[in-house]
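Taken in order, these protein sequences are the chains called A, B and C.
Our numbering applies: residue 278 is where the first sequence begins, and numbers increase by one.
Our numbering applies: residue 278 is where the second sequence begins, and numbers increase by one.
Our numbering applies: residue 278 is where the third sequence begins, and numbers increase by one.
Fair warning: there could be bad hints in the mix.
Where chains are identical, the list cannot tell them apart; a pair therefore holds if satisfied intra-copy or between any two copies.
[Claimed, not checked] Okay, derived cross-link-like pairs now, DSS-like style, lysine-lysine, Cα gap no bigger than 30 Å in a straight line:
hint	residue 1	residue 2
1	K397	K577
2	K482	K564
3	K572	K419
4	K307	K564
5	K572	K307
6	K482	K419
7	K577	K564
8	K397	K564
9	K397	K307
10	K419	K307
11	K397	K572
Please keep in mind that the hints were generated in silico from the structure rather than gathered at the bench.
The model shown is predicted, which means the values in this text are computed figures rather than measured ones.
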Amino acid sequence: MKKTLLPLAIAAIATTAQAGTVTTDGADIKLSTKGGLKAATADGEASVQLGGRIQWDYDATEARDDNIDREDLDIRRARLFVAGHYGDWAYKAQFNIAESDGAEGGDAEDLYVRYTGFGKLANITVGKQKEPFGLEELTSSKDISLLERSAVTELYAPGRNGGIQVHGNGANWTYGVGFFEAGGDGSDDFSDTAMTGRVTFAPVKSDDMVVHLGASYTTRDADIDSDPATTEEIDAYNLELALVTGPFHAQAEYFDAEESTEIADVDSDGYYVQAGWILTGETRPYKDGIFKRVKPAADKGAWEVVLRYESGFAQYSDVGLNTVEGEQAALGVNYYANENVRLGLSYMSGEEDVTGSEGDEFRARLQFAF
Amino acid sequence: MKKTLLPLAIAAIATTAQAGTVTTDGADIKLSTKGGLKAATADGEASVQLGGRIQWDYDATEARDDNIDREDLDIRRARLFVAGHYGDWAYKAQFNIAESDGAEGGDAEDLYVRYTGFGKLANITVGKQKEPFGLEELTSSKDISLLERSAVTELYAPGRNGGIQVHGNGANWTYGVGFFEAGGDGSDDFSDTAMTGRVTFAPVKSDDMVVHLGASYTTRDADIDSDPATTEEIDAYNLELALVTGPFHAQAEYFDAEESTEIADVDSDGYYVQAGWILTGETRPYKDGIFKRVKPAADKGAWEVVLRYESGFAQYSDVGLNTVEGEQAALGVNYYANENVRLGLSYMSGEEDVTGSEGDEFRARLQFAF
Amino acid sequence: MKKTLLPLAIAAIATTAQAGTVTTDGADIKLSTKGGLKAATADGEASVQLGGRIQWDYDATEARDDNIDREDLDIRRARLFVAGHYGDWAYKAQFNIAESDGAEGGDAEDLYVRYTGFGKLANITVGKQKEPFGLEELTSSKDISLLERSAVTELYAPGRNGGIQVHGNGANWTYGVGFFEAGGDGSDDFSDTAMTGRVTFAPVKSDDMVVHLGASYTTRDADIDSDPATTEEIDAYNLELALVTGPFHAQAEYFDAEESTEIADVDSDGYYVQAGWILTGETRPYKDGIFKRVKPAADKGAWEVVLRYESGFAQYSDVGLNTVEGEQAALGVNYYANENVRLGLSYMSGEEDVTGSEGDEFRARLQFAF
């Protein structure tokens, strides 16, 4: 190092001395903000993150036979979370401020403690979390390609419940298996239980190409013996296939469930296929068996078009139809303004197979995830 | 720079080395706390803020004819918020922990995403926010001069609703105009709608003198055609005048509304005038068409006395009266202990014009805003 | 200082220059994270803290006569808080995300503003806070030795209410006395009031030895005169004794209450005794009249066994019994994995004195406090 650098170095110190300093009593800390806040010690011992998401939607739904014709400007999801870790233990506490689907302000979404001391191959998560079932379900609502998940995923995938899960991943595979309280957190009894598991494998996985295979299974017991017509057990599985090559991505899931009562068994199934093209050339990120949100490469943002077709038994509630055998098609356009902001449009149209009832929905969303 | 500074410089480095360092992986960050937390990148690209307010009130209300005589020690408002921005996009998520006026823990107050890319002349805010109507309404409940807003403001100003607003400001003027869901966020349908706008102009605006003029207008449609006595439309406007000169400040608003049903139109109006004197000599801050909280100049804090008189059609609920033609006077004393803490006392007395019923309220508040 | 240190010093500057800097516009700030976040100015003028707790419980309860036999995996407590201070004023806003005992997401726990300008001898706290009554009640639910407090504490100690308290402490003594709204925050009227006070004294207090004496008293008025059988007044007191010597700790409390109605007075009492041994040799921390959580000395964590016996009038709800004269014994094992994480097991068994009904509970907890 040359002597001539010394004055510069001292000038730098002088500048820092005019502003107040920020230091720690212990390990060095890295701080960052992109609208939220992250702090992590340089030695990896501890971290904390404050974040959340706001999704404002305009939607217009029309169902021709049921005389449904409504418009709404409403919050779709508003959540805050605090997450962090200390030593081998981590936590996440995420709650709603507002939600359009029944959750009230203050209600918990993710709410768990995780042990990471066995390494990436075997984490243990205790608490309210997503059951390991379904590619589209496990992809965050911030990151899915269309504004709403397919009706078949909504019907078959269990979503969040309280439980204990063992999960891990290698370079191109993941697994998760857990025991959950099927009636959801808050129920007084643990007798409604579920065992749920999922495995994924990516035989091809590079920066711009992915082949993803996955399968999930859940078996759910309802401990009710009074009414013979009541569901006593549900067994469901799914199969997942996804492909990414450069700006193109596609994914498909098949679901099959068998509901048992004392007097009969009911079998149902459904599937969706989806394809997307990122016009600005970015590649849809894939990590640990799920997809992430498109990250624009340039300041101008990224544009994406998405198509989805689904068919089978489902609750087509977005387009105003009931739980029926039917089919639905969706077209979406997304603009990713930056890493945190997404504007999306989607048009969905559905039809019941037996009655021929039809419905459609136009939806626009402004999303800030931090 | 002299060589003799070197040992000092190195000593400074040594000190910093004993404490852990705090750095970032990207842009430089400025951090600050005055009980809340702010972090902002030096390049202006991103920021985050964690803040809130706690207001604890003792109030004693007596309404002579209705035999109301109650005392209460209760939280008036307790809110937390996270706000931030990244690039041209900003957000605010503010929620109640407790509130005395019906909101429950977890309920949203501000909950919006804002686009700032067009500059200060045209911001676009989407989400739950205050409709641009009324000087006293738009001045934060942390910053109003008396502990409670006038009854006429409470009746005529729409307050927070979900919607989309375009707003901006120049050196001494502001405007805002938006389209809102009149029934409030959470209603299933968008058919109750409002258009609301406000303009303000300050022909005089210096550090210790302000003349403020403002006007707001709102038109609100209720899409209900079953009951002919139901309100179908409300049109309301207000006019604002405010003056600041040194430690003195005064403001007045006039409100006028016309409610239409199928069978009749009802016109009503009301006004308040308010004057305040900051005994310790500070000037009430004014910025972008609204007032801010008095900031004490000395460690001893700042003292203020405030008077308000109002008359007209309003819901005089603080003093135990109904929605009637009436009048109310209020006297307040405030002590601003520091930038964040305010102690306030107010006495309000009201009377119904027709029945002559009278009521009064004494209120004391301890407020910490961070 | 030797010249040879210069290149090192400059190298340190160079490294810091590659990473972004974190500075302040005002006073120096110390930042720290152990899963939560703390920032405090070096001059002591301001601070902010973001923290919380997550407690996930598995519990199995069996009550032999009532045919209760239930298992549950449920959140016991999930809370977030923001606390801070600026100048002589401090605040804390803590709210539930979920709770098993009736509180809903978003509901307030601690919610107060505190004046600290008179020094440690006389703080004034206004808002929702724990009334100063009972050693076990005032010890945080994160820090108590068994997973649940004794049934007698749960019955006799008032817990959190809105009010105003004066409290302080010296080197080995504390006091607190306050006026509270007995019906809890949120009630419309202030007529149900309580006066509550507590004093503690530690004649012996060193790093590994403590003798603690305490006494509390509360008198509570219910302003209801309609029903002569309704409780009109409750007066209760408690006496506390606690001992710590090295890894051993013990505590006992006696409670006595008199409930008055127009037609009769009812007197009841109860007590518990508890003893614990920290197998790994740490000493249970004691500060300002209450106990804190065991802090493991080594990376392997700390182990503790605890026994408790209680007898008297109480609501033995954890083991499925009613509010009765009875007795209950509890055995617990705790593993403190690090400063923030605690795993605990407890077994409780209770019996009603008159009917001889019996119940027991097994409980396991995973706790992350940050």
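Tested hints:
Within a single copy, K397 and K577 get their C-alpha atoms only as close as 36 Å, which misses the 30 Å cut-off; across copies the closest is 20 Å, which meets it. For a Cα distance limit of 30 Å, the shortest separation of K482 from K564 inside one copy, 10 Å, qualifies, whereas the shortest one across copies, 55 Å, does not. Taking the closest pair of Cα atoms, K572 and K419 come within 30 Å of each other only inside a single copy of the chain (12 Å); across copies the shortest separation is 39 Å, beyond that limit. With identical chains, the CA atoms of K307 and K564 are at most 30 Å apart within one copy only, with a shortest distance of 24 Å there and 33 Å across copies.
Within a single copy, K572 and K307 get their C-alpha atoms as close as 23 Å, and across copies as close as 26 Å, so both meet the 30 Å cut-off. Taking the closest pair of Cα atoms, K482 and K419 come within 30 Å of each other only inside a single copy of the chain (23 Å); across copies the shortest separation is 45 Å, beyond that limit. In this assembly of identical chains, K577 and K564 lie within 30 Å of each other by CA distance solely inside one copy; the values are 25 Å within and 33 Å between copies. Taking the shortest Cα distances, K397 and K564 sit within 30 Å of each other inside one copy (13 Å), while across copies they are farther apart (39 Å).
For the identical chains of this complex, K397 and K307 are intra-copy neighbours only, at 23 Å inside a copy versus 33 Å across copies, given an alpha-carbon limit of 30 Å. In this assembly of identical chains, the alpha carbons of K419 and K307 lie at most 30 Å apart whether taken from the same copy (26 Å) or from different copies (29 Å). In this assembly of identical chains, K397 and K572 lie within 30 Å of each other by CA distance both inside one copy and across copies; the values are 25 Å within and 27 Å between.
The structure agrees with every numbered hint stated previously.
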